[in-house]
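Work out the full structure: start from the sequences and follow the hints.
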Amino acid sequence: MTREGRDLVLTPRARVVTDAGTDPAARDLLVEVLQQADVTVDVGPDPRRGGTTFLLGDADRPDVAAALGDVAVPEQAEGYALRVSPRGGPTVALGGVDGAGQYYAVQTLRQLIEPERGRARIAGVAVSDFPSMPLRGTIEGFYGEPWTPAERLDQMAFHGDLKANTYIYAPKDDPYHRERWREPYPAEQLAGLRELVGAATDHHVRFTFALSPGNTVCYSSEDDYRALVAKLQEMYDIGVRAFSVPLDDIAYGQWNCAADEEEFGAAGPGAAGRAQTELLNRIQTEFIETHEGAHPLQMVPTEYYDTVDSPYKAALRTLDEDVVVMWTGEGVVPPEVTVEQADAADAAFGGQVFLWDNYPVNDYGQSSGRLLLAPYAEREAGLSEHLVGIVSNPMNQASASKVAVFGIFDFTWNDRDYDPATSWEQAMRHLAGDDPATVEALLLFGDLNHLAPSFGDPWQPQAPVLQQHVERFWQRWDAGERAAAVADLRVRAEEMAAAPQTIRAGVVDPMFVSDAAPWLTATERWAAATLTMLDALDARLAGDADAAAALAERSTQEQQQAAAVLVDPPDNRWGRAPVKIADGVLDRFLVEAALTLQLWELGEAGNVAPAGTATASSVEQDLDRLDVRFVNDGDLNTRWASGYTDTEWVQVELAEPTVVSAVTLHWEAACAEAYTLQTSTDGQTWTTVRDVTDSTCALDVLELDGSEPVRFVRMQGVQRVGDWGYSLYELGVYTAR
Numbered sequence: 001m002t003r004e005g006r007d008l009v010l011t012p013r014a015r016v017v018t019d020a021g022t023d024p025a026a027r028d029l030l031v032e033v034l035q036q037a038d039v040t041v042d043v044g045p046d047p048r049r050g051g052t053t054f055l056l057g058d059a060d061r062p063d064v065a066a067a068l069g070d071v072a073v074p075e076q077a078e079g080y081a082l083r084v085s086p087r088g089g090p091t092v093a094l095g096g097v098d099g100a101g102q103y104y105a106v107q108t109l110r111q112l113i114e115p116e117r118g119r120a121r122i123a124g125v126a127v128s129d130f131p132s133m134p135l136r137g138t139i140e141g142f143y144g145e146p147w148t149p150a151e152r153l154d155q156m157a158f159h160g161d162l163k164a165n166t167y168i169y170a171p172k173d174d175p176y177h178r179e180r181w182r183e184p185y186p187a188e189q190l191a192g193l194r195e196l197v198g199a200a201t202d203h204h205v206r207f208t209f210a211l212s213p214g215n216t217v218c219y220s221s222e223d224d225y226r227a228l229v230a231k232l233q234e235m236y237d238i239g240v241r242a243f244s245v246p247l248d249d250i251a252y253g254q255w256n257c258a259a260d261e262e263e264f265g266a267a268g269p270g271a272a273g274r275a276q277t278e279l280l281n282r283i284q285t286e287f288i289e290t291h292e293g294a295h296p297l298q299m300v301p302t303e304y305y306d307t308v309d310s311p312y313k314a315a316l317r318t319l320d321e322d323v324v325v326m327w328t329g330e331g332v333v334p335p336e337v338t339v340e341q342a343d344a345a346d347a348a349f350g351g352q353v354f355l356w357d358n359y360p361v362n363d364y365g366q367s368s369g370r371l372l373l374a375p376y377a378e379r380e381a382g383l384s385e386h387l388v389g390i391v392s393n394p395m396n397q398a399s400a401s402k403v404a405v406f407g408i409f410d411f412t413w414n415d416r417d418y419d420p421a422t423s424w425e426q427a428m429r430h431l432a433g434d435d436p437a438t439v440e441a442l443l444l445f446g447d448l449n450h451l452a453p454s455f456g457d458p459w460q461p462q463a464p465v466l467q468q469h470v471e472r473f474w475q476r477w478d479a480g481e482r483a484a485a486v487a488d489l490r491v492r493a494e495e496m497a498a499a500p501q502t503i504r505a506g507v508v509d510p511m512f513v514s515d516a517a518p519w520l521t522a523t524e525r526w527a528a529a530t531l532t533m534l535d536a537l538d539a540r541l542a543g544d545a546d547a548a549a550a551l552a553e554r555s556t557q558e559q560q561q562a563a564a565v566l567v568d569p570p571d572n573r574w575g576r577a578p579v580k581i582a583d584g585v586l587d588r589f590l591v592e593a594a595l596t597l598q599l600w601e602l603g604e605a606g607n608v609a610p611a612g613t614a615t616a617s618s619v620e621q622d623l624d625r626l627d628v629r630f631v632n633d634g635d636l637n638t639r640w641a642s643g644y645t646d647t648e649w650v651q652v653e654l655a656e657p658t659v660v661s662a663v664t665l666h667w668e669a670a671c672a673e674a675y676t677l678q679t680s681t682d683g684q685t686w687t688t689v690r691d692v693t694d695s696t697c698a699l700d701v702l703e704l705d706g707s708e709p710v711r712f713v714r715m716q717g718v719q720r721v722g723d724w725g726y727s728l729y730e731l732g733v734y735t736a737r
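Each residue of the sequence shown is one higher than the last, beginning at 1 in our numbering.
Since the hints were derived computationally from the structure, they do not count as laboratory data.
Quantities reported herein were computed from a predicted structural model and do not represent experimental measurements.
For each residue, glycine too, the CB sits at the ideal point set by N, CA and C.
Keep in mind that a hint or two might mislead.
To be verified - No farther apart than 20 angstroms at their CA atoms in a straight line, the calculated lysine to any residue pairs in the SDA-like style are these:
| id | residue 1 | residue 2 |
| --- | --- | --- |
| 1 | 172 | 150 |
| 2 | 172 | 202 |
| 3 | 172 | 189 |
| 4 | 172 | 304 |
Claimed, not checked - Pairwise CB distance ranges, derived in the manner of DEER restraints:
| id | residue 1 | residue 2 | range |
| --- | --- | --- | --- |
| 5 | 636 | 569 | 27 to 35 angstroms |
| 6 | 472 | 179 | 35 to 43 angstroms |
| 7 | 258 | 695 | 52 to 60 angstroms |
| 8 | 183 | 62 | 47 to 55 angstroms |
| 9 | 340 | 655 | 38 to 46 angstroms |
| 10 | 510 | 48 | 37 to 45 angstroms |
| 11 | 707 | 472 | 34 to 42 angstroms |
Printed below as a string of structure tokens:
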């Protein structure tokens, strides 16, 4: 974008000059944009003078080309050039390489119009622009409640606004997409899909119909082939021109029919690859290539999650060269996607690679109770040289997904200049209609929902801004600036308390407010608990121990109320799960603040457990993610879990003999009905120092009167709450410093 001169002030009347090559969707959008700016619009081929003239059409149309002058017209598909010329007869030229390019030129023009108290004005600039990747969009490919028709229609407009051109219809819980793939859609559902296809076309979004037959298909069956093609034809007849055959999340260790073993040999990866390749190549040549306007077939391989060579991938490399292969990166939910990995995917699959990015999807256990609002990040610039595109697998919450998906659309349009933080703020501005207070509230809310989980460690941290505030609090507290520390953190807590109502009142997308409702409620409750805890600290600093204790107890009750907020209605398949807000940051602060109050008379108390070594009677199913090392790692996002008997135990061997002043047990839901706390000097002879039958099943803080140093501290189970074992996020051992 370059500055061409002064801004153009829109006249009350404007002329949109079109011809047969003008894209209808671009024309209609331009008229809508101008009318929103209070301009009366005339449309037609006549370029008569008077008022502002908008030339809309192919970039090589003579009048458009002349008005563009020396502005470079891209060669790439969907590219466009735009020039605003205020001198003489004010003129705006919008030339597209194709119809989509014209439409995107108008979308850019919309961003250039600045409302004024008098007449709106257009920035006097020239723009030459094109996408880095041919395919940019989303795949409705999650498990759980599919998006509603209204949500899908809203998404088509959102895609068009952000210059995204792909929507893949693949909801796992649509039976006619997966389990009942052979059957035609009922008339009512087919009519809904027809409407959606039309809306996609109106916004230059390529509606891609995915049919997933892998669980039951007989690859060698002519009847199954004909059923599959008949379903694709049904979609073609309602306007679909892009098709996908996902073969993910299926077993290739067995055939669905005896005929496949006769045709392809014993079941296994290589045989499955050959069977799939034969089916897909036939669809490409006999259906795709014989249907006018159909785009190359897309597929999702069974081995979609890595680039390790295998007999399956070797077979897949014989796919027709036009078939597009989807890949999720190195892992189902990868912490990063690099150019090197994409290059390896090129080699592994031997074809055009299309990234199915499982962010911000939240249909798996590690995302339970979470709204994933972190920016799109950890995807390397330069991927456009190796991928034909990226689609996001979003959340069940369609409008809440827009925060992350906004970034994906940005990245796929221009991966080399993409900045996650800038794009994230722009996403919030889009939702807020540019209202500054709402933008700030959304950024705060996004920070509280910043965790990006995976099947291993999270790849984006939870609440990084709040974490900085908490760290600053303890730094000032430890430096003796305690009143100032409380006052500073109180400002952030008050902002937290106010943000939900600001969002409800200011966000221009009502579906976002609906999606986020449980998390907004939880934010208010956690903020209230935080403010009360800060009141307790202030009271203790003022010397009122009784008031501090009462306020701390009230904060605990408010924390329990906050933790009781559930996702309801349960759009996700993890059901009515507890809402998670700033977990591991805010709840940890409240634990440490409560502990500070309880151990006030001890002076500064330090947790010596992380320097020790943890052991346990067992680990649930020997799962590494539940290993005993997590019980004293200082991280409330990890936990230890035991086997399923009442007598399980966990202990920490301290780095040196220590006089223990208090022990904290931060329980997961699998807590103890009864347990004993034991200490030992040698790990052989144990002394019971507390019998506990009134566990909070949240945070137990046990103050001890011991005066002799011990080397071991153990939680010895007596009775479990349910059928599971015991599970602790953290076992803390405190001593006076």
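Each hint, compared with the structure:
1. 172 - 150: Cα-Cα ~19 angstroms, so holds.
2. 172 - 202: 26 angstroms, violated
3. 172 - 189: 16 angstroms, holds
4. 172 - 304: Holds - the C-alpha atoms of residue 304 and residue 172 are around 16 angstroms apart, at most 20 angstroms.
5. 636 - 569: 27 to 35 angstroms: Given about 28 angstroms between the Cβ atoms, the range holds.
6. 472 - 179: 35 to 43 angstroms: 53 angstroms, violated
7. 258 - 695: 52 to 60 angstroms: The hinted range 52 to 60 angstroms holds for residue 258 and residue 695, with Cβ atoms some 57 angstroms apart.
8. 183 - 62: 47 to 55 angstroms: 53 angstroms, holds
9. 340 - 655: 38 to 46 angstroms: Cβ of residue 340 to Cβ of residue 655: about 41 angstroms, so the range 38 to 46 angstroms holds.
10. 510 - 48: 37 to 45 angstroms: The hint (37 to 45 angstroms, Cβ to Cβ) holds, given that residue 510 and residue 48 are roughly 42 angstroms apart.
11. 707 - 472: 34 to 42 angstroms: 36 angstroms, holds
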